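Asks: Using the sequences and the accompanying hints, generate a full structural model.
So the protein sequences, as listed, match chains A and B. Going by my numbering, 223 is the number at position 223 of the first sequence; the sequence numbering is gapless. Going by my numbering, 254 is the number at position 254 of the second sequence; the sequence numbering is gapless.
Quick caveat, the hints were computed from the structure, so don't treat them as lab data. Note that the structure is predicted; figures quoted are calculated from it, not measured. Don't be surprised by glycine CBs; every beta carbon is placed ideally from N, CA and C. There could be a bad hint or two in this list.
[Stated by the list, open to error] Cut-off 30 angstroms, straight-line C-alpha distance, at most; resulting in silico cross-link-like pairs (DSBU-like, lysine-lysine):
#: 1; chain 1: B; residue 1: K123; chain 2: A; residue 2: K209
#: 2; chain 1: B; residue 1: K75; chain 2: A; residue 2: K209
#: 3; chain 1: B; residue 1: K209; chain 2: B; residue 2: K326
#: 4; chain 1: B; residue 1: K178; chain 2: B; residue 2: K246
#: 5; chain 1: A; residue 1: K209; chain 2: B; residue 2: K102
#: 6; chain 1: B; residue 1: K105; chain 2: A; residue 2: K209
#: 7; chain 1: B; residue 1: K183; chain 2: B; residue 2: K75
#: 8; chain 1: B; residue 1: K183; chain 2: B; residue 2: K104
#: 9; chain 1: B; residue 1: K28; chain 2: B; residue 2: K104
#: 10; chain 1: A; residue 1: K99; chain 2: B; residue 2: K75
[Stated by the list, open to error] To give an idea of the chain B side of the interface with chain A (calculated C-beta under 7 angstroms), a few residues:
#: 11; residue: A51
#: 12; residue: H90
#: 13; residue: L103
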Amino acid sequence: MTASTPAKRFRDLGSKAVPYLLIAPVVIYYFFFWFRPVLVTLIKSFQTAAGAFTLQNYHMVLTDPDFLVALRNTAIIVLFSVTLEFLGALFLALLINRKFTGSTFFLFVAMIPMALPGVAVAAMWLTGLTAHGWINSLLYYLGILAEGAKIYWLAGSEWKLLGLIILIDAWQVIPSMMIILLAGLQNIPEETIEAGYVFGGNFITVLRKITMPLLGPTIQTAVILRLISAIQIWLIIVLLVGFSRMPVLVERIVYYYKEVPNLDISLQMASGYAIVVSFIVSMVALLYLKVSGAFGGKKEAAQ
Amino acid sequence: MATLTMQNVTKIFGRDVIAVKDFNLEVKEKEFLVLLGPSGCGKTTAMRMVAGLEEVTTGEIFIDDREVTELPPRKRNVSMIFQNYAVWPHMTVYDNIAFALKLKKLHKDEIDRRVKETAGMAKIEMLLERYPSQLSGGQQQRVAVARAIAVNPDIFLMDEPLSNLDAKLRVSMRTELKAIHDKAGSTTVFVTHDQSEAMSMADRIVIMKDGEVIQVGSPDDVYHRSGSIFVADFIGTPPTNFMDVKIQKESNGTHLVNTHLNLLLEPEMAKHLNGYDKNHIVLGIRPENIVLVGESDAALSASCLVSEPQGSHQVVAIQLDDNIVKVVAPPNPIIAPGTDVHLIFKQETLRFFDPDTTLAIND
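Replies: Shown next as structure tokens:
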């Protein structure tokens, strides 16, 4: 260090502080609106109503008869809806990427569900799925349903209900996944694909051996984002069938926090569930990244 | 190896954009044919139709006697080298070359043998385990070449394969590609907009403009016997010089006349111009066919505008009215701007063009 005047030292300090000042708003925001609530929830999950340390909350959550049901329902929804969404989105993205006449308009139409807020989607399907809803009317109009006949969509077994929820979720989510995949497809140079066809590939082999591997990083991003948000599904279920009929993990948090907030154990259950769900989401994301080779480096990154 | 025939092939994009118009072509066995033309002339579209990457609007394409017009690319047995190499970044060099062979379900040993053999021809045998991102542009293009040879195609298609390489590498890759062509004995169609590339590689050049074939011929043909003003101007650096001249028949023979020039034609050349008396034509002459002489022998005198030394020669530019005429002259002495220069034309090399049709009169 060379000798320097106090004024110069102050200037140096000033220029070093600039980057920290610039990121300060974000850090402060995150501290108050993200870190603090998370911390409070974490602490609460280890406290009794009176504030003493306990593991009782976790014991209650994990032995709650609804917990296993919620876990099972969530797992089924995640598994089937993410698979369905991925396949549907990939199909649409490949289709739109062919740039046929009207593909831009088709893209616009396909994007509509993405623009609707979850509550609106739920309201729309709820009005459709009630006994006098527009779906039955449509089926009648098409001559599939006899006059006076009705399908009670929201009644019946929970498997039927699960199926419906998966379909509605897929309907809403496919566009956003498709956009990510489409962007990835458009980043693949056309000649790379054409070379596949010239050197002996048909549609399937080119898709399997060239398009999909090159799309790999994009698929990874799309699936991980979707996986995380699929585990957190709840709003659409509650709006369609109310609380407790089709328990899923996040629905349980909201249930204890909003629906029955005045029980002795409400806050403990809610915070316990919240931490358990966070843990599950993190583990699933980690597992997926591990399995899909994101930490690898075994293969050269594409491009 | 095989022949390629294109009969009355037309390609229309959308409703009315005619990319290729009534294209007829026969490529002989083992021939190195170059499609040459300015960008947007339809040369790449013509090639892509041969590959099957573009649908033919009307017309037929044959490889030998086999009609391939409606076949998908994989059933045509052609291979292609792309402008941007188009090697697959997620495969090693080995897998890139082996891709087509694996799809053909060849035996593993046979694949291995052919990959190594073609990698040797393309001089990349030491790079087989690498990924394309670890290679330079020139090396990637070699991978593309090896991949194309390995399938042992009927027709070799090359779509401006050298245009992404730097100038020096481009010239040396030319020589190598040509050598590989001769060794593999493949029938080749090569697309380029670079006339010197075309001249140096082609057995025959097809010159295209606006989707149509303008002239087909050996490099020698299109250079020395250009069939139109377009070809004479497009081929050669610097290109052909053009001057408007009037034909005047006088007692001692036929003269070409304009404000700078009064040239008495030799009878051998004059006979091409029967019927053009008193008409204007366009005179074309290549820069190397104009010779600097002493003042007393000159057919044309003017002052030098600028001279560009090129080492082996110099290019002297002369302003005649609005027209700049370029002359290829010996390298010494360098001619200073403003110096008077005196020129004669090598008469047997003159080209006469009809100003209305722009086609050559003397063929």
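Asks: Each hint should be assessed against the structure and marked as holding or not.
Replies: Hint check:
1. B:K123 <-> A:K209: Judged against 30 angstroms, a Cα distance of about 26 angstroms means the pair holds.
2. B:K75 <-> A:K209: Distance of about 18 angstroms is within 30 angstroms: holds.
3. B:K209 <-> B:K326: holds, 25 angstroms
4. B:K178 <-> B:K246: Not OK: K178 (chain B) and K246 (chain B) at ~45 angstroms, beyond 30 angstroms, violated.
5. A:K209 <-> B:K102: holds, 12 angstroms
6. B:K105 <-> A:K209: Holds, because 15 angstroms separates the two Cα atoms, which is no more than 30 angstroms.
7. B:K183 <-> B:K75: holds, 25 angstroms
8. B:K183 <-> B:K104: Given pair K183 (chain B), K104 (chain B) holds - Cα atoms ~24 angstroms apart, limit 30 angstroms.
9. B:K28 <-> B:K104: holds, 27 angstroms
10. A:K99 <-> B:K75: Holds, because 25 angstroms separates the two Cα atoms, which is no more than 30 angstroms.
11. A51: At 6 angstroms from the nearest chain A Cβ, A51 (chain B) passes the 7 angstroms test, so the hint holds.
12. H90: It holds, given that the least Cβ distance between H90 (chain B) and chain A is near 4 angstroms, below 7 angstroms.
13. L103: Holds, because the Cβ-Cβ distance from L103 (chain B) to chain A comes to roughly 4 angstroms (cut-off 7 angstroms).
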